[in-house]
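In case you want the letters, here they are:
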Amino acid sequence: MLTDVEVRSKKTEVAITIAILMASIPLFLAFSLLVLSSFSKEMMTNLSLESFRFTIENWINVLQGKLAFTGGIRQNILKYTFNTALVALGVAGVVTLISALSGYALSRMNFRGRKFLLMFLLMLHAFPGVALIVGVYLLYRLSLPSSPSLVTTFSFMYVIVARAALEVPMATWLMKGFFDSIPWEIEWSAIVDGASRIRVWRKILLPLIKPGIAAILLFGFLAGWQDLIYVRTFLVEPTLATYIEANLEAEYSHMPLIAAAGTLYLLPTIIFFLTSQKLLLETHSGGIKG
Amino acid sequence: MVTVRLENVTKRFGKVVAVDNANLEIKDKEFMALLGPSGSGKSTLLYLIAGIYKPTQGRIYFDDMDVTELPPKERNIGLVFQNWALYPHMKVFDNIAFPLELKKESKEEIKKKVTEVAKMLKIDHLLERYPYQLSGGQQQRVAIARALVKEPGVLLLDEPLSNLDALLRMNVRAELKRLQKELGITAIYVTHDQAEALAMADKIAVIREGEILQVGTPDDVYAKPWCKFVGGFLGNPPMNFVESTVIRESGELLIGESRIPAPPKYAELLKKFDVSKVLLGFRPHDAEVIELKPNMPDPPMLVGEVFAAEPLGRETIVTVVLDDETYVKVFASKEQKFDVRDKVGIVLDLEKALLFDKKTELVLERAFEKKEFS
Ligand SMILES: Nc1ncnc2c1ncn2[C@@H]1O[C@H](COP(=O)(O)OP(=O)(O)OP(=O)(O)O)[C@@H](O)[C@H]1O
Ligand SMILES: [Mg+2]
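Which chain is which? The protein sequence lines are U and Z, in order. Going by the working numbering, the first sequence opens with residue 48, and the numbers climb by one from there. Going by the working numbering, the second sequence opens with residue 888, and the numbers climb by one from there.
Because the hints were derived from the structure by calculation, they are not lab data. By construction, the Cβ of each residue, glycine as well, lies at the ideal position given by its N, Cα and C atoms. Any given hint could be a false lead.
What the hints assert, rightly or not - Derived list of chain U stretches under chain Z, where covered just means 3 residues or more per stretch with a C-beta under 8 Å from a C-beta of chain Z: (1) 58-67; (2) 224-238; (3) 251-258.
Claimed, not checked - Below, simulated BS3-like cross-link-like pairs (lysine-lysine); rule was C-alpha separation at most 27 Å, straight line: (4) U/Lys250 <-> Z/Lys902; (5) U/Lys257 <-> Z/Lys978; (6) U/Lys58 <-> Z/Lys998; (7) Z/Lys1064 <-> U/Lys250; (8) U/Lys223 <-> Z/Lys1158; (9) Z/Lys916 <-> U/Lys250; (10) U/Lys250 <-> Z/Lys1000; (11) Z/Lys990 <-> U/Lys250; (12) U/Lys250 <-> Z/Lys1257; (13) Z/Lys998 <-> U/Lys162; (14) Z/Lys941 <-> U/Lys162; (15) U/Lys250 <-> Z/Lys978.
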């Protein structure tokens, strides 16, 4: 059979697939144990199938915000989910907007210090977010509003911006790459036709890098959704991450219940990775033909 | 409806001089071809006229207005790019409508104009498709339609046919020329294909390494190149060049063992100026290949042997290698038969032959004028 140039031979294909599968076994195992435990009366971490006795009680309890079978403690888990989503969406939005603008500037405009800025961004990305937290906390204390009624709102905004800042350097780099792949002529053509640069950016360039934007939205969302340190340090209200973390070692907590909360927490990650493959790989099918 | 004038225009990219002190005038309704090899600065020159690049030095005028500082959109130009630069995410209609939308024209007006220009370019049945659903030739028409729809004063085209196959290129070539004349629009057309330039343009500007070497009508540039490069760039096959030594006493040229009289129009010049080494230039059509027959009085000619004969149907290109290892190509009629290694003579049409200075490679009359010769 004839194959296209880009097609790998069957053998290498199989080998690669096996290697990937092997590498992902521990991860896959951990995930499935977590999911199974959430539907079980006991944890399955002893790896024995006998401990699995099916129940959906855990899920009912989680969604009702109950932490233990017995205790009367009720927490509003839906509210926490909403908080988590709010932070995640905020981070995704801020990261995407800023990186789409700065990536454009770095790709298309020639200004002094451009090269330096590019290197600097990479360095920033390599810098661990934890290391910055003292400084970021100081800023937080300094800018905290005095009126208590505003503190919650402020803390949301602060955590979104601070967390987004960690993602912006890499996202900007990626965006620059996407913009670089669009030929200058397309942009010039629009400028000659009378479009302003901002209009070219919005009407011509952004639609062409849709897959790139989707990717950055997604990574921004997941970064916000998964974050623990920044959320725990700055956010007044709990999110799923802080909720799970806080109850993981509490005496009253029923572990399968925490497993259910954990599965809920992992859901977006799993869903996105299952569904977004096509989206991420989509490129605009050919502008020019010979 | 616009005369374009460039005055001492230079464009540098860092150390690279892409356009070197260009002076050029493109008259109203004229079709000007910018012809040169790859990397000669043709696109750069076009982008300077479009306003995408700003000249490092010099001024650009549209009619009497200095547009050097004017941004592209205020120059009222239509530009067709080398790769057409269609917007891949917009349908053909929206591609063509884009310039009009930016001018904030009404919906009905846009629809009317787009349909009109699409009809003219015979793409009115494609308006609902995306660019990637079109053939190369159709995409190219869309690009031209988009450039024409805003009724520009100057139409700039950057090798618009280079992505098309040979046959389609010939057809579009004729259509484009007709369109330009019908619309009466000033057009500047960049190409590296000399046949395209000769066939389409009213005037040709030949560019090499950012320098405009010669500007003239196709006939002029073809028959009277100012320098060896222009002669060698135009024509297929291009002009032949043969090194020769001037014998001043007899007014002859010595080429290997052969002696031929110098072209008559140079007789005076060669007497007046002392120049010993020249390049004799002649086009493949301005010479004849004859078989050498023993015991016949030879006419003055170059002698050599046949290297190859390539029949082209109507005529044959004969490549002859002269005794000093120079190869020349000459057209012969298809009745003449040649075998490899045949001894042949080449008789030149001396009225049309040219002499170039060996060192400066300028045609002799210009070399003397500029006092630049070896
Ligand atoms: N933006 C740029 N930055 C630096 N150098 C450039 C730039 N654009 C063009 N050049 C250089 O200027 C010279 C002329 O380039 P230009 O694109 O005008 O050539 P061209 O005649 O259009 O060639 P082609 O037929 O291959 O399109 C080349 O040496 C090129 O490398
Ligand atoms: Mg070019």
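Each hint tested on the structure:
| no. | hint | in the structure |
| --- | --- | --- |
| 1 | 58-67 | violated (count 0) |
| 2 | 224-238 | holds (count 7) |
| 3 | 251-258 | holds (count 3) |
| 4 | U/Lys250 <-> Z/Lys902 | 35 Å, violated |
| 5 | U/Lys257 <-> Z/Lys978 | 17 Å, holds |
| 6 | U/Lys58 <-> Z/Lys998 | 56 Å, violated |
| 7 | Z/Lys1064 <-> U/Lys250 | 33 Å, violated |
| 8 | U/Lys223 <-> Z/Lys1158 | 67 Å, violated |
| 9 | Z/Lys916 <-> U/Lys250 | 34 Å, violated |
| 10 | U/Lys250 <-> Z/Lys1000 | 22 Å, holds |
| 11 | Z/Lys990 <-> U/Lys250 | 15 Å, holds |
| 12 | U/Lys250 <-> Z/Lys1257 | 55 Å, violated |
| 13 | Z/Lys998 <-> U/Lys162 | 46 Å, violated |
| 14 | Z/Lys941 <-> U/Lys162 | 23 Å, holds |
| 15 | U/Lys250 <-> Z/Lys978 | 13 Å, holds |
Hints 1, 4, 6, 7, 8, 9, 12, 13, counting from the list given before, are not met by this structure.
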